[in-house]
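Protein sequence lines correspond, in order, to chains A and B.
Here this note's numbering is used: position 57 in the first sequence is 85, and no number is missing along the way.
Here this note's numbering is used: position 109 in the second sequence is 397, and no number is missing along the way.
Hints may be right or wrong, so weigh each one.
To be verified - Pairs of lysine-lysine residues, derived as DSSO-like cross-links and limited to a Cα-Cα distance of at most 27 angstroms, are as follows: (1) 154(A) / 969(B); (2) 125(A) / 395(B); (3) 755(B) / 125(A); (4) 898(B) / 158(A); (5) 312(B) / 117(A); (6) 393(B) / 125(A); (7) 782(B) / 121(A); (8) 33(A) / 312(B); (9) 33(A) / 395(B); (10) 125(A) / 782(B); (11) 969(B) / 43(A); (12) 336(B) / 393(B); (13) 402(B) / 33(A); (14) 37(A) / 402(B); (15) 953(B) / 87(A); (16) 37(A) / 969(B); (17) 158(A) / 336(B).
Said to hold, decoys possible - Between beta-carbon pairs, the in silico distance windows are: (18) 95(A) / 1022(B): 33 to 43 angstroms; (19) 186(A) / 299(B): 17 to 27 angstroms; (20) 853(B) / 154(A): 52 to 62 angstroms; (21) 188(A) / 832(B): 50 to 60 angstroms; (22) 715(B) / 74(A): 42 to 52 angstroms; (23) 358(B) / 39(A): 42 to 52 angstroms; (24) 853(B) / 189(A): 56 to 66 angstroms; (25) 50(A) / 796(B): 53 to 63 angstroms; (26) 482(B) / 95(A): 39 to 49 angstroms; (27) 413(B) / 154(A): 46 to 56 angstroms; (28) 186(A) / 396(B): 46 to 56 angstroms; (29) 396(B) / 46(A): 54 to 64 angstroms.
To be verified - To be clear about the criterion: a stretch of chain A counts as covered by chain B if any three or more of its residues have a C-beta under 8 angstroms from a C-beta of chain B, and this derived list gives those stretches: (30) 83-96; (31) 127-141.
Hints in this document: simulated from the structure, not taken from any laboratory.
From a predicted model like this one, the values you see are computed outputs, not experimental measurements.
Positions of the beta carbon are idealized from the N, C-alpha and C atoms, including for glycine.
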Amino acid sequence: MKENKIDIKCTINGKKYDFSVPPMLRLIDIIRDIALLKGTKEGCGEGECGTCLVIFNGKIINSCLVPASQVHNSKTTTIEGIVNTHLYKVIEKAFIKKGGAQCGFCTPGMIIATYDLLTQNPKPSKNEIKFALSGNLCRCTGYTKITESVLDAIKSIGAEN
Amino acid sequence: MKQNQIGYSSLRVEAPEKLRGRAKYIDDIAFPDMLYGATIRSEISRGKILNIDFDKNFNWDEFTIVTSKDIPGKNHVAHIMNDQLCLSDNLINHKHEPIVLIAHKDKYLLNIAKSKILIKTKELKPVLSIKDSLSKKRIIWGKDNVIKQFNISKGDVKKAFKIAHLIFEREYYTGAQEHLYLETNGIIAKASHNDGITVWGSMQCPYFVHHALTSLFNLPKEKIRVIQTETGGAFGGKEDYPSILACHAALLAFKSGKHVKLVYDREEDILSTTKRHPSFSRYKTAVDKNGKLLAMEIDFYLDGGAYSTMSPVVLSRGAIHAGGVYFCPNIEINAKALATNTSPHGAFRGFGAPQSIFALEKHINDIAKELKMPPEEFRRINFISDGLKTSTGQKIRDKVDLNTLLSKALKLSSYNSKIKRFEKENNGSQIKKGIGFSTFMHGAGFTGEGEKRLASQVAIKATKEGKIHVLTSSTEMGQGKNTVFSQIVSSVLKIDINLVEVIKPDTSKVPDSGPTVASRTTMVIGKLVENAAVDLKTLLIQKKYLNENYSEKEFIKACSNYTKNHGELKIFSKYKQPSFIKWNENAHTGDAYATFSWAVYVAEVSVDTKTYEAKVDNFWALQEVGKVINPTLAEGQIEGGVAQAIGFTLFENIKWENGSPQNSKMSSYIIPTSMDLPDIKVFFEEVPYSEGPEGAKGIGELPMDGPAPAISNAIENAVGISFNRIPILPEHICEKLNS
Chain A
29 MKENKIDIKC TINGKKYDFS VPPMLRLIDI IRDIALLKGT KEGCGEGECG
79 TCLVIFNGKI INSCLVPASQ VHNSKTTTIE GIVNTHLYKV IEKAFIKKGG
129 AQCGFCTPGM IIATYDLLTQ NPKPSKNEIK FALSGNLCRC TGYTKITESV
179 LDAIKSIGAE N
Chain B
289 MKQNQIGYSS LRVEAPEKLR GRAKYIDDIA FPDMLYGATI RSEISRGKIL
339 NIDFDKNFNW DEFTIVTSKD IPGKNHVAHI MNDQLCLSDN LINHKHEPIV
389 LIAHKDKYLL NIAKSKILIK TKELKPVLSI KDSLSKKRII WGKDNVIKQF
439 NISKGDVKKA FKIAHLIFER EYYTGAQEHL YLETNGIIAK ASHNDGITVW
489 GSMQCPYFVH HALTSLFNLP KEKIRVIQTE TGGAFGGKED YPSILACHAA
539 LLAFKSGKHV KLVYDREEDI LSTTKRHPSF SRYKTAVDKN GKLLAMEIDF
589 YLDGGAYSTM SPVVLSRGAI HAGGVYFCPN IEINAKALAT NTSPHGAFRG
639 FGAPQSIFAL EKHINDIAKE LKMPPEEFRR INFISDGLKT STGQKIRDKV
689 DLNTLLSKAL KLSSYNSKIK RFEKENNGSQ IKKGIGFSTF MHGAGFTGEG
739 EKRLASQVAI KATKEGKIHV LTSSTEMGQG KNTVFSQIVS SVLKIDINLV
789 EVIKPDTSKV PDSGPTVASR TTMVIGKLVE NAAVDLKTLL IQKKYLNENY
839 SEKEFIKACS NYTKNHGELK IFSKYKQPSF IKWNENAHTG DAYATFSWAV
889 YVAEVSVDTK TYEAKVDNFW ALQEVGKVIN PTLAEGQIEG GVAQAIGFTL
939 FENIKWENGS PQNSKMSSYI IPTSMDLPDI KVFFEEVPYS EGPEGAKGIG
989 ELPMDGPAPA ISNAIENAVG ISFNRIPILP EHICEKLNS
């Protein structure tokens, strides 16, 4: 059975990709199966849990909901693409110190959401933090230590400036 | 405090990998020439398979197809009883029961192929509720639909009822709950007759999977190897289910000669894996004129689903906890697990106790209201204390002071002033506020002589570089076991925590430490790890490789010298049941648990009388846990457990239709988000337990037991309605407020 395919050129974490895929293949499949970046996870396949969250053309998006046809000429950043940044390192230190990760499955998506929040707003309130992370489900932590981790990261950023 | 000391919040050892997205969960792993597997399941709840039709216009050449005929050994998934089939061959006992397995290297073609297989069935009328099952109108399991039944008796309940001042009777219900671990179930298997079987996967109990595979394939133990991969949450949902998945993947791997990956998507996971047992409780309680408990007659029934799986043990724990933290001289507990035509229900954090404790703690408030007594006063009159006996006749050995614990919790939450304030403020307000609490305990470790039966073992190995490897089959699933074990070892041996490595559970490398369940990992296995570390130190000192007071450098040198002279330095430690445990399994009496953790939880809620939503605004969780080994990790467990229990109480509802969840996606099965939960305030008390590592007791399941009744009690305080059922959804509040 010959399947309809489209040609995609895109950038993921600064690297250029060129491939042919069915138009309804999802960005999450492109990230995990073509670019072989496994940090982005699939928890629900319907844009509810946030484990597939990535930065797509500058905005956070659930990659399980983006069809390949929209990926052409796009720029995606995944967890692997931010780990070398200064902001990520501050976030990582805070999450480790405050216990913001337990099983770790929601974590990459949670970090992307945190990274995006602190990039837009370096001093969010507690409620703003909770709202920004409300698209990322966590079953282990109850979110208390996640919020504390983000607050700790904000404190560190404040101390640096 | 030093990094390696008990009581210090040592950093989670695997955190960097998890944060950077580098931790490898099963779906992140692939092998060359690997095939993907899929499961074809029953569409009916009960009936017979007439025929399996493979679409003749579809090319099946490249597909591996497995049915029950391909099973080399026994067609069952080995558990406690062996009534669950690995693949159905004739009778269907629940919707989504697995019948055919297929595999192909193209996962998209595989999905299309699933729809090309038609299972022709003859439908029979199913049994879909506890009530239905009890009626015996249709027998679907054994002789009478009763998977397990037993009685716990203490004193003379009938006699006590005759002299009662007041008898209060009520029924309570709890619904099913889906674990909704963020990472779905998944296994990769490789199998051949010569090389044996290797499986990798998301799981809590590698040796359970090992046992199931030996039975299914009729292969010697040494030919089967089970390796746990990073597990993205479990909560009991990966205690027994992975055995089924491993059997399926291994059958496909055996037939195809290739690696096979079988990973469920969210919908398949919700539809076909285990849920918390729905429960029905009936309490009939007699009190004297002073409010003292005279007698309790309790019926505790669980919906077990189509096969026995974990039901006998869930029933046991639930029934034992049904008497709670009170002293009652006369108790009769009738416990039954009933079969229904639904996917078997299974282990879920709390394991029967959240169900019975909800009923009990709601009941206690109901009686107090009837007696016109404040709920805290009624409890104080009846609290158990050390020296008194529980419902199973277990004399409480450890020091317990529930009165002080309750006072502390009420003070922390400003309970008394809030009761008065809310009563005033609720007048004429759309939002009604309320505060409520629960008092409870949770038995740590396996029930009765279970730990003795498990006969768990651990090992500690010192390498020539002075590194310490901890070898146990206990699995890390986010609870922090890797870190806690590292802390215990580094504390005993007085070495940097970075010199300790907890080896990933692999049945070819680690001894059987039993399953990672029952709040036993720190308390029971952590103690064995501590013992082994002590024995290692003692050995090196006795053989003169170390002095009593040594430096880390000297320790490393000692390991190096020892291994040079004697070869491998490996110390085993095996569980020995404390002499004070005496249990009668048949009568279900005696020492049910080695020890208990005790707690008082307070919930503050607001109910919107226009939208009928109930929200938890504040939560205080106070518990006595023996010893807190790692405060951050321990708090994390309590916060997470409370969050799951808030979900159980206010958000999570399975809409059953014909024995199957209608809401099988995350968009329709709702768990709390960050916006739905308050900051959960956690407080610990410590009364060291003699047999725990540094005095620690189990805490993993405790936080699941208390929130539901505390919240229900709080809602009653807010709007005057006593909900005897959970979940409490807006539609239920709407119905009650408008009736």
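Evaluation of the provided hints:
1. With a CA separation close to 16 angstroms, the supplied pair residue 154(A) and residue 969(B) stays within the 27 angstroms bound.
2. Taken as a hint, the residue 125(A) and residue 395(B) pair is broken in the structure, with Cα atoms around 40 angstroms apart against an allowance of 27 angstroms.
3. For the hint linking residue 755(B) to residue 125(A), the alpha-carbon distance of about 25 angstroms falls within 27 angstroms, and the restraint holds.
4. Between residue 898(B) and residue 158(A) the alpha-carbon distance is near 25 angstroms, which keeps this suggested pair within the 27 angstroms criterion.
5. Of the supplied pair hints, the one linking residue 312(B) and residue 117(A) holds, its CA atoms being roughly 21 angstroms apart against a limit of 27 angstroms.
6. A distance of roughly 43 angstroms separates the Cα atoms of residue 393(B) and residue 125(A); the hinted pair therefore is violated under the 27 angstroms criterion.
7. Under the criterion of a C-alpha separation no larger than 27 angstroms, the hint pairing residue 782(B) with residue 121(A) is consistent with the structure, at around 26 angstroms.
8. A hinted pair counts as satisfied when its Cα atoms are at most 27 angstroms apart, and residue 33(A) with residue 312(B) does not qualify at roughly 31 angstroms.
9. For a cut-off of 27 angstroms, the pair hint linking residue 33(A) to residue 395(B) stands: about 17 angstroms separates their Cα positions.
10. A C-alpha spacing of about 22 angstroms is found between residue 125(A) and residue 782(B), which places the hinted pair at or below 27 angstroms, so the restraint holds.
11. Pair hint residue 969(B) plus residue 43(A) does not hold up; C-alpha atoms about 45 angstroms apart against a cutoff of 27 angstroms.
12. Restraint check for residue 336(B) and residue 393(B): the C-alpha separation of about 32 angstroms exceeds 27 angstroms, so the hint is violated.
13. Proposed proximity of residue 402(B) and residue 33(A) is supported: the alpha carbons are some 23 angstroms apart, at most 27 angstroms.
14. A C-alpha spacing of about 32 angstroms is found between residue 37(A) and residue 402(B), which places the hinted pair above 27 angstroms, so the restraint is violated.
15. Proposed proximity of residue 953(B) and residue 87(A) is supported: the alpha carbons are some 26 angstroms apart, at most 27 angstroms.
16. Between residue 37(A) and residue 969(B) the alpha-carbon distance is near 50 angstroms, which puts this suggested pair outside the 27 angstroms criterion.
17. A distance of roughly 51 angstroms separates the Cα atoms of residue 158(A) and residue 336(B); the hinted pair therefore is violated under the 27 angstroms criterion.
18. As the Cβ distance of residue 95(A) to residue 1022(B) is approximately 40 angstroms, the hint placing it in 33 to 43 angstroms holds.
19. At about 22 angstroms, the beta-carbon gap between residue 186(A) and residue 299(B) stays in the expected band of 17 to 27 angstroms.
20. Judged by the Cβ atoms, the range 52 to 62 angstroms given for residue 853(B) and residue 154(A) holds: they are separated by roughly 59 angstroms.
21. The hinted window of 50 to 60 angstroms between residue 188(A) and residue 832(B) holds, with their beta carbons roughly 52 angstroms apart.
22. Between residue 715(B) and residue 74(A), the C-beta spacing of about 44 angstroms keeps the proposed range 42 to 52 angstroms intact.
23. Under the hint 42 to 52 angstroms, the C-beta atoms of residue 358(B) and residue 39(A), about 47 angstroms apart, fit the expected range.
24. Look at residue 853(B) against residue 189(A): about 58 angstroms separates their beta carbons, and that is inside 56 to 66 angstroms.
25. Here the CB-CB span from residue 50(A) to residue 796(B) is close to 41 angstroms, at odds with the stated 53 to 63 angstroms.
26. Taking 39 to 49 angstroms as the suggested C-beta distance range, the pair residue 482(B) and residue 95(A) conforms, at roughly 45 angstroms.
27. Distance hint check: the CB atoms of residue 413(B) and residue 154(A) are about 54 angstroms apart, consistent with the given range 46 to 56 angstroms.
28. Between residue 186(A) and residue 396(B), the C-beta spacing of about 49 angstroms keeps the proposed range 46 to 56 angstroms intact.
29. Remark: the range hint 54 to 64 angstroms for residue 396(B) to residue 46(A) is contradicted by a beta-carbon distance near 21 angstroms.
30. With 0 residues bearing a CB less than 8 angstroms from a CB of chain B, the region 83-96 of chain A misses the requirement of three and the coverage assertion fails.
31. Counting residues of the region 127-141 of chain A whose C-beta lies closer than 8 angstroms to any C-beta of chain B gives 10; at least three are required, and the coverage claim holds.
Going down the numbered hints, you'll see the structure goes against 2, 6, 8, 11, 12, 14, 16, 17, 25, 29 and 30, while the others check out.
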